[in-house]
Amino acid sequence: MKKLASIRYVIVSILILIAIWQLAFTVSTYSPALFPSPFMALQALVEMIQDGTLIASIGASMYRFVIGYGLSVIIAVFLGLILGSLPKVFNYVNPTLQLLRPISPTAWMPFVVLLFGIGNLPAIVIIFISAFFPVLLSTVSAVNKIDDIYFRVSDNFGIKQPALMWKVILPAAFPQIANAIHLALGSAWIFLVAGEMVGAQSGLGYQIIDARNNIRADILLATIFVIGFIGLLLDFLIGLLEKRILRAWGGEN
Amino acid sequence: MSYIHIENAGKTFSENGVEFTSLANVNLDIEKGEFICLLGPSGCGKSTLLNAIAGFDLANHGSIKIDGKEVTAPSTKNVTIFQNYGLLPWRTVIKNVELGLEAKVKDKAARREQAVKYLKMVKLDNFANSFPRQLSGGMKQRVAIARALAVEPDIIFMDEPFGALDAITRMKLQDDILDICKNEKKTIIFVTHDIEEAVYLADRIVVMTPNPGTVKGIITVPLHHFRDRTSGDFLLVRDKIFDLLNMKIEETIEYTI
Chain A
758 MKKLASIRYV
768 IVSILILIAI
778 WQLAFTVSTY
788 SPALFPSPFM
798 ALQALVEMIQ
808 DGTLIASIGA
818 SMYRFVIGYG
828 LSVIIAVFLG
838 LILGSLPKVF
848 NYVNPTLQLL
858 RPISPTAWMP
868 FVVLLFGIGN
878 LPAIVIIFIS
888 AFFPVLLSTV
898 SAVNKIDDIY
908 FRVSDNFGIK
918 QPALMWKVIL
928 PAAFPQIANA
938 IHLALGSAWI
948 FLVAGEMVGA
958 QSGLGYQIID
968 ARNNIRADIL
978 LATIFVIGFI
988 GLLLDFLIGL
998 LEKRILRAWG
1008 GEN
Chain B
3 MSYIHIENAG
13 KTFSENGVEF
23 TSLANVNLDI
33 EKGEFICLLG
43 PSGCGKSTLL
53 NAIAGFDLAN
63 HGSIKIDGKE
73 VTAPSTKNVT
83 IFQNYGLLPW
93 RTVIKNVELG
103 LEAKVKDKAA
113 RREQAVKYLK
123 MVKLDNFANS
133 FPRQLSGGMK
143 QRVAIARALA
153 VEPDIIFMDE
163 PFGALDAITR
173 MKLQDDILDI
183 CKNEKKTIIF
193 VTHDIEEAVY
203 LADRIVVMTP
213 NPGTVKGIIT
223 VPLHHFRDRT
233 SGDFLLVRDK
243 IFDLLNMKIE
253 ETIEYTI
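The listed protein sequences correspond, in order, to chains A and B.
First residue of the first sequence? That's 758 in our numbering, and the numbers climb one at a time after it.
First residue of the second sequence? That's 3 in our numbering, and the numbers climb one at a time after it.
The set of hints was computed from the structure by calculation and includes no laboratory data.
Quick caveat: nothing in here was measured; it's all calculated off a predicted structure.
Heads up, some of the hints might be wrong.
[Stated by the list, open to error] List time: in silico PhoX-like cross-link candidates among lysine-lysine, alpha-carbon distance up to 25 angstroms:
(1) A:K917 to B:K110
(2) A:K924 to B:K79
(3) A:K917 to B:K108
(4) B:K106 to A:K917
(5) B:K108 to A:K924
(6) B:K97 to A:K902
(7) A:K924 to B:K67
(8) B:K125 to A:K1000
(9) B:K34 to A:K924
(10) B:K67 to B:K125
(11) A:K1000 to B:K97
(12) B:K184 to A:K924
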């Protein structure tokens, strides 16, 4: 019943969005080529699915996303666990991190394109940067917040590094790390599109630029909704994974 | 020399340049197999003394020796049981009990067998695959006791282990711990602020008073297990402790008169 109800919320919510769009289309004085109706966008979507461009774009984007986000999370968590365990070293690293953190990942874009050229790499680098700092800093703070009693117990039972890291530190810090990984997924997906708009010749971000160049607003809007939909799906999947790990580690149901 | 030999042990902190003595001039000898209670109000340094013997926060005056060796760090031969259990919430009950064995016993099956044995001793073998959050406070503390016993330690340190439990559960666990002691013959140092608990459990009670934390007196409990909480002898020992703890108040009363 609960599931059915939540499906109802989703359908009604999206129907309202489409209705507003349709209404705006009806009253607007713009040419339909510049401001298409929901139905025109749907037709464009079907067209993209049929000629295979959508699948190719999603494939290119997902490839970059998985590599950029995956590497970023793995390296950030790994470094975070180490830096969190070495507060004296972290004191030296932290100022640099705080300097780099507020820089928008897109600010690096021209530099990255100059360095690596157009292709997969710029988008991957942008995604990497966008996820890296929040996950790293959250991991460090999660390690610092671990209850001292776990270290006393480990000390008492002779658990030393490196076993201490994966037996105690990682699972103790995991709930907060998982939260950061989850949030970073959203921003990484946002910056993937930005990265592909500037630094790539394929993918969903590029498809938006391409549609603009061809004055195909219907394709453009259809692509935007596909991006939103995939973002939602990724968020749902990582939420599922997060819950599963937390449950396996004795967290809340 | 006795098994645990404490000579002039003291601990001072310095906070904002002000020196603060939390423990001063403690002399205490403990024999193997004794059940010692450190009893006193909060701030009397009983936990400080326990942590110093256990090696977590070392004393900075005098010396504390176990089996002739100066204490410098926590030892795997002596296990501490904490008031808030110290169970790892991401491990099942059985994996928690195995924790201490992982550094010692390499064979997985042997480890499991040992853990199950002690889990049975605390009557929690039916909960082997539960997570700590699914257990009550008393059950959690029994898991911690099983985990401590599983490594077959020489000394068990208990820092107000039943402090967070309700009175009835607490009495049950007191019986359990006496039972286990009788069978396992461990040296136990038990911190508490509950006078009855101390009289019920201890062979000797070290009564401590605050400002600075010192040993006021040591009372030998001439009762045998099991003890009747309402017997005359029990009350007599209790009265002795009241005397020791009240002395200071009587002095101040004299002043006010």
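Evaluation of the provided hints:
no.: 1; hint: A:K917 to B:K110; result: holds (19 angstroms)
no.: 2; hint: A:K924 to B:K79; result: holds (21 angstroms)
no.: 3; hint: A:K917 to B:K108; result: holds (15 angstroms)
no.: 4; hint: B:K106 to A:K917; result: holds (12 angstroms)
no.: 5; hint: B:K108 to A:K924; result: holds (16 angstroms)
no.: 6; hint: B:K97 to A:K902; result: holds (23 angstroms)
no.: 7; hint: A:K924 to B:K67; result: violated (31 angstroms)
no.: 8; hint: B:K125 to A:K1000; result: violated (31 angstroms)
no.: 9; hint: B:K34 to A:K924; result: violated (33 angstroms)
no.: 10; hint: B:K67 to B:K125; result: violated (35 angstroms)
no.: 11; hint: A:K1000 to B:K97; result: holds (21 angstroms)
no.: 12; hint: B:K184 to A:K924; result: violated (34 angstroms)
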